[in-house]
Every structure is written in C-alpha cells, then in structure tokens.
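Residue strings, one per chain:
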Amino acid sequence: MKINEAARAGKLKINWSFAVPCIVLAMLIIAMGILKPATLSLYFLGIKCDISVSLVFVAAGQTLVLISEGIDLSVGGVMSIATCIMATMSEISLVGAILLCLVIGLAVGCINGLLISKLKMQPLITTLSTWTVLGGCALWILKTDGGYIPPAFTNFLIHRVGGIPVTLLFIIAVLIMWFFLKNTAFGYSVYAIGSNERAAYFNGIHITKTKIKIFCISGVCAALGGIMYAGINATGSPTVGESNIMMSIAAAVIGGTSLTGGRGGVTGTVVGVFILKLISDILVFAGITSYYTSLCQGLLLIICVAIGSVSTLLKNRRRLEYD
Amino acid sequence: MIERLKKNYYRNKTIYFCYMAAIVMYVAAMIIVPGFGVGTHVRSLMLEASLIGIMALGQTFVIISGGADLSMPWTMTGSAVLLTSLSNQKDDNIIWIILLILALCTIVGMLNGLGVAYLKIPPMIMTLGMNSILQGALLVVLRGSTGGLAPQSIINLATGSLLGIPNLFIFWITLGFAASVLLHYSTYGHKLFALGNNEKAAYFTGIRVKRVKMMAYVISSLAPAITGILYAGRLGQSYLGMGDSFLFLTIIAVVLGGASPMGGSGSSIGTFAGTCILIVLKSFLASANLPTSAQDILNGIVLIVAIILMSGKNRKRDRL
Numbered sequence: 026m027k028i029n030e031a032a033r034a035g036k037l038k039i040n041w042s043f044a045v046p047c048i049v050l051a052m053l054i055i056a057m058g059i060l061k062p063a064t065l066s067l068y069f070l071g072i073k074c075d076i077s078v079s080l081v082f083v084a085a086g087q088t089l090v091l092i093s094e095g096i097d098l099s100v101g102g103v104m105s106i107a108t109c110i111m112a113t114m115s116e117i118s119l120v121g122a123i124l125l126c127l128v129i130g131l132a133v134g135c136i137n138g139l140l141i142s143k144l145k146m147q148p149l150i151t152t153l154s155t156w157t158v159l160g161g162c163a164l165w166i167l168k169t170d171g172g173y174i175p176p177a178f179t180n181f182l183i184h185r186v187g188g189i190p191v192t193l194l195f196i197i198a199v200l201i202m203w204f205f206l207k208n209t210a211f212g213y214s215v216y217a218i219g220s221n222e223r224a225a226y227f228n229g230i231h232i233t234k235t236k237i238k239i240f241c242i243s244g245v246c247a248a249l250g251g252i253m254y255a256g257i258n259a260t261g262s263p264t265v266g267e268s269n270i271m272m273s274i275a276a277a278v279i280g281g282t283s284l285t286g287g288r289g290g291v292t293g294t295v296v297g298v299f300i301l302k303l304i305s306d307i308l309v310f311a312g313i314t315s316y317y318t319s320l321c322q323g324l325l326l327i328i329c330v331a332i333g334s335v336s337t338l339l340k341n342r343r344r345l346e347y348d
Numbered sequence: 003m004i005e006r007l008k009k010n011y012y013r014n015k016t017i018y019f020c021y022m023a024a025i026v027m028y029v030a031a032m033i034i035v036p037g038f039g040v041g042t043h044v045r046s047l048m049l050e051a052s053l054i055g056i057m058a059l060g061q062t063f064v065i066i067s068g069g070a071d072l073s074m075p076w077t078m079t080g081s082a083v084l085l086t087s088l089s090n091q092k093d094d095n096i097i098w099i100i101l102l103i104l105a106l107c108t109i110v111g112m113l114n115g116l117g118v119a120y121l122k123i124p125p126m127i128m129t130l131g132m133n134s135i136l137q138g139a140l141l142v143v144l145r146g147s148t149g150g151l152a153p154q155s156i157i158n159l160a161t162g163s164l165l166g167i168p169n170l171f172i173f174w175i176t177l178g179f180a181a182s183v184l185l186h187y188s189t190y191g192h193k194l195f196a197l198g199n200n201e202k203a204a205y206f207t208g209i210r211v212k213r214v215k216m217m218a219y220v221i222s223s224l225a226p227a228i229t230g231i232l233y234a235g236r237l238g239q240s241y242l243g244m245g246d247s248f249l250f251l252t253i254i255a256v257v258l259g260g261a262s263p264m265g266g267s268g269s270s271i272g273t274f275a276g277t278c279i280l281i282v283l284k285s286f287l288a289s290a291n292l293p294t295s296a297q298d299i300l301n302g303i304v305l306i307v308a309i310i311l312m313s314g315k316n317r318k319r320d321r322l
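The listed protein sequences derive, respectively, from chains Z and A. Just remember that the working numbering sits 25 ahead of the position in the first sequence, which is counted from 1. Just remember that the working numbering sits 2 ahead of the position in the second sequence, which is counted from 1.
Extracted from the complex, chain Z is given alone in its bound form:
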C-alpha cells in the first residue's frame, strides 16, 4: 500500500525500461518451471551460463558504446578473430594466445575510436568497414570451423566450484566491474557524452580520449567473448561473430539501453542476454517447432522497446504533440 501511495505521489519512479525485461525474464523462468520442473536446478543454470557467457561479454562492451551514442559492429570481427587465434595458437602457448587476442581487441578498439573521434566518421559505417577487414583476417587464419583448444582450458571453463559454475562467476565479475566503473569519473563521462556531447565537451570532458577508451573496452570485451566461445565449444569459427553482432545489440536494447544514448546499463544487458537465450529453450519445452525462434526474438525485441518508448510518450503527452 505504502509503495502504491508513494508511486501515486510521484516519489517512487519505476524505471520501466529496466523493469520490463526483468518481468519478462521472471515470466520465462516461471513458464519453464511449469513446463519442465527440472529446469529450476543449478545444473540447468550452469548450462545456460556456459552458453550465454560469451554473449554477455560482447554485449557488455556493446552496451558501453551504445550508452555513448555509438554503435560497434566490429565486435563480430574481433570475436571471430579471437576464436581463430585460440584454435590455431593455443596449442603452442595458451597464455600467449589469450594475450594476443586481448591485444588485437585493444588495437581494433583504438583504431575505431581514433577514426570516430578524430576524423568524425559515423560509428555505424566505420565499424562496419573494420568488421569487413577483421572478418577477412579471421578467414585467413582459419579456413573452416575447427582447430585445437587445450582440454584443460575447456575443463576449467565448464568446471563447477562447489556446484556453482565458473561461467556464472565470470558473469558476476562483469556485473561487479560494471558497478565500479559506473561510479568513476569515466563512467559519468560516458553517460554525459551519450546524452549531450556538446554539453559534455563544454563541461571539460575530453571527448576524444573517452571515446577511444570506450571503443577499447568494447574491443577487449569482444575478444574475451571470443576466447570464452572458443574455450567452451572447444572449436574456432571464422564466422561466429556475424550472428553475435545483432544479438549483442538486441540484448542491450531489450535490457533497457537506449540507442539514442545516455541511458541503460550492463545489468539490464545481462537480463537481455538470458531472455534471448531462454526463448529457444522454452519453445522446445512447449513442443513448438524451433522455426518460431527468430519470430519470437524479433517480436520480443520490438515489444520490449515499444513498451519503453510508449511509456515515455504517455508521460510527455501533456507537452507538445511533437515530443
């Protein structure tokens, strides 16, 4: 009752763009539990975490870029190239291969950031071109899916520490990192650039430096996503990134990150990733053909975003019709 009164008085504001994905995820989990009670176990959670962890990393970096009113399509290229390097070079030295992947992610992010902030190029077009280059490089390293990943690395990633999956710990680590990052000066400047770049510039934020940092983080995250993918699936794939680009953007947007910048967060993105990954399962458990998967994913994407934008439209309806 108290909450209701507070909400009516306008004191308690519900963040709908974050609440909606949480409600959807809860509904999905409950529906799964009813259809197949066995899914409400630590075992099933572990499997889901193993499948989702690479996308969580990629989407976390993507979220940061989206908050700053950019978009990063090159994450797909970085991810592909990371899996290819892991598949070909981890036999020689696992640590060396991982470091090489991270350095490549950092370098690609740096190039993207420089092109976008120094030369004022459009993020969409710039990262699209770097993605093409990286996709070519990935094909050059590894012609087809395959390669060799040390079993020790795979076993480490799918290991359960006292029943808790290692991949879940990785996802929690991403969230903890995000909570620290959000409250630093850098975190605030990312939001500031996203909501109004000019105002951020006049408030003394170094736009170029911040943007390069943002794209570097996104590149490194994508490389980590590729490393995780290669480790868990024990294979490298030069084309894996393509499907992950759109999935990472969709996950971030479902989780309440706005494409126009300045709003959102990685917490919502993790929820978004799990929603996207659970949809195909729930269709299987409900006995519906998997052909409906992409239909449902598309519908959910539009509905989640529409709820957010319609709620702001209704909130502002007393203002000019235009806004």
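No lab work stands behind these hints: they were computed from the structure. A couple of the hints might just be wrong.
Under the rule of at most 25 Å between Cα atoms (straight-line distance), these lysine-lysine pairs were calculated in the BS3-like manner [what the hints assert, rightly or not]:
# : chain 1 : residue 1 : chain 2 : residue 2
1 : Z       : K340      : A       : K122
2 : A       : K212      : Z       : K340
3 : A       : K212      : A       : K202
4 : Z       : K145      : A       : K15
5 : A       : K284      : Z       : K168
6 : Z       : K340      : A       : K202
None of the values given here were measured: they were computed from a predicted structure.
With chain Z held as given, fit chain A onto it using these hints.
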C-alpha cells in the same frame, strides 16, 4: 554560366568525386586484369549492380529521413519465395501474385513506419526486429523448405535484354529516374529533406512529419519487393537466406554516394555512383584471383579510405 557551374560543382562535389573514383577504379582494373570490363563482363557487372542498385534506391529514402532499413534482406527473400511458391512455375496468375507481393511488402513498410514514426522506436531496432520476424514467419510458413522454381515469364523478364541492354539495367535506370524526380522535384521530396535535416523545425513549418516518415519506409520496402521478384527470375529459383548478404551493402552504397547516415542529405544519382563503386571493387577483387580472405580485407580497407575522403566535407561542419 561559369558561376552556376561552379556552384553546382561545390554542391555536388561528393557525387562527382564518387563517379571519378568509380571510373578510376574501372580503368585500373582494366589495366591490371586483362579482359576486365570488356564484352560480356560489362553485362554481368550491370546485372549484379542492378539488383543492389534498386534496393539502395529504396534505402536512400530512409537514410535521408535519418533512419536505416535493416529489414530489406528478408523482405526481399520473402518476395522471391512467395513468387516461386505461389506461382508454381505457371504464368496464369502472375499479375495477381505480383500485386499481392507488392501489397504485402507495403504492409511490412507501413508496420516499420508505424513503429518508427508513431511509437518512436529507434529505426535500427524496429527494422532489425521486423527482419527477424519475417525470417521466422517464412520459416514457419514454408517449414524450412526452399521456395521452388520461378515461372518462365519472370525468367524471361529478368534475363532478357532490349537493344543489347539487359532488362534489369533498364529497370534500375527507370526506377532511379523516378526516385530522382520524387526526391528533388516533388513536394514529398522537399518534405523528406526538411524532416531529415531538422525534424522539429519541419514539424513547426506544418509538415505532417509522421506521415512523411512512414511513406519513406513504405517506399523502402517496395524496393526489395521488386528486387526479390527480379532476383528470383534471374536465378530461376528462390532459396531462404538469398538476401542475407544485402544487409549492409545497400547502406554502404548510399553512404558512399554522399549521404550522411544522420539524415538530411543524399540523392539517387549519388546512390547510383556508390553502387557502381561497390560492384566494380567487388568484381575487381574477385577477378584478381585473390583468396576470399584477402578480398574481404582489401574491400574493408578501400571502404574505410573512401569514407574518410568522402566525409571531409561534413567533418568541418560537425567540429565542436
């Protein structure tokens, strides 16, 4: 007279530059690869350019309005698959089938426009979601099977030629001319440019912003409808996923032609040049006997360089 020419030159600098780049690339390819751009090769270049070109024309409208249409690949696949599966290789009801396809694609465009203009969903998300909805819907309807073979009349239309010029190319030029007139010599075009430059200002001048925006999406989904029909005719069949490679190709063609992805600028003549550059580059790399990986790498590098050179004009304006 010279003043006017000068003014014209400065206004359309990017477009001239684009044509020059296409010609230079073409000549360079002719010198490096013997037999490039001679005889039958020109014909195959024309055919390939026409299909991307028609879609890029539709994309131009949406990009001028400040959005992007990512639902093109599966709109096109849908159109091709509907044509082949409904006609079942018979020419009897072909007119009705084509009209049905155009009507369905108009509905897709209207839904895109409704979401973007009335519900304020970001264009990329709306069209991306629509793309995956169409993909799912087609898979559900067809149960994952391929579409089948195209009727003979459409095959004749798509592979035939008039006075030595391929029909597809004539289609492209005609549609490009129509788009040009619509963009630069009609009230609708002026409204669209006004909307792309400053939506708020356009609203206060009395333009029905939402309606104009929705029309742009309808036009941009008619383009893949036409392309899908012609592509099915050219290949003689349709298959699921035939449009996937077109996802970003059309946007690149429009941007190379001097349009800003932020909206408010662009032209069908520029898009024409952008498409030519893309096709000449792709064909050149393919004919130089390079492996696919090297082709992708070079393609990307040339794109980055081209876009850096093209965006020189906007850079000065956008500097803080």
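Tested hints:
A C-alpha spacing of about 13 Å is found between Z/K340 and A/K122, which places the hinted pair at or below 25 Å, so the restraint holds. Between A/K212 and Z/K340, the direct Cα distance comes to roughly 19 Å. Compliance with the 25 Å bound is thereby established for this hinted pair. Annotation: proposed proximity of A/K212 to A/K202 holds, straight-line Cα distance about 11 Å (limit 25 Å). A threshold of 25 Å between alpha carbons decides the hint, and for Z/K145 with A/K15 the separation of about 19 Å falls inside it, so the pair holds.
Only pairs whose Cα atoms come within 25 Å are accepted, and A/K284 paired with Z/K168 is accepted, the gap being roughly 20 Å. Pair hint Z/K340 plus A/K202 holds up; C-alpha atoms about 19 Å apart against a cutoff of 25 Å.
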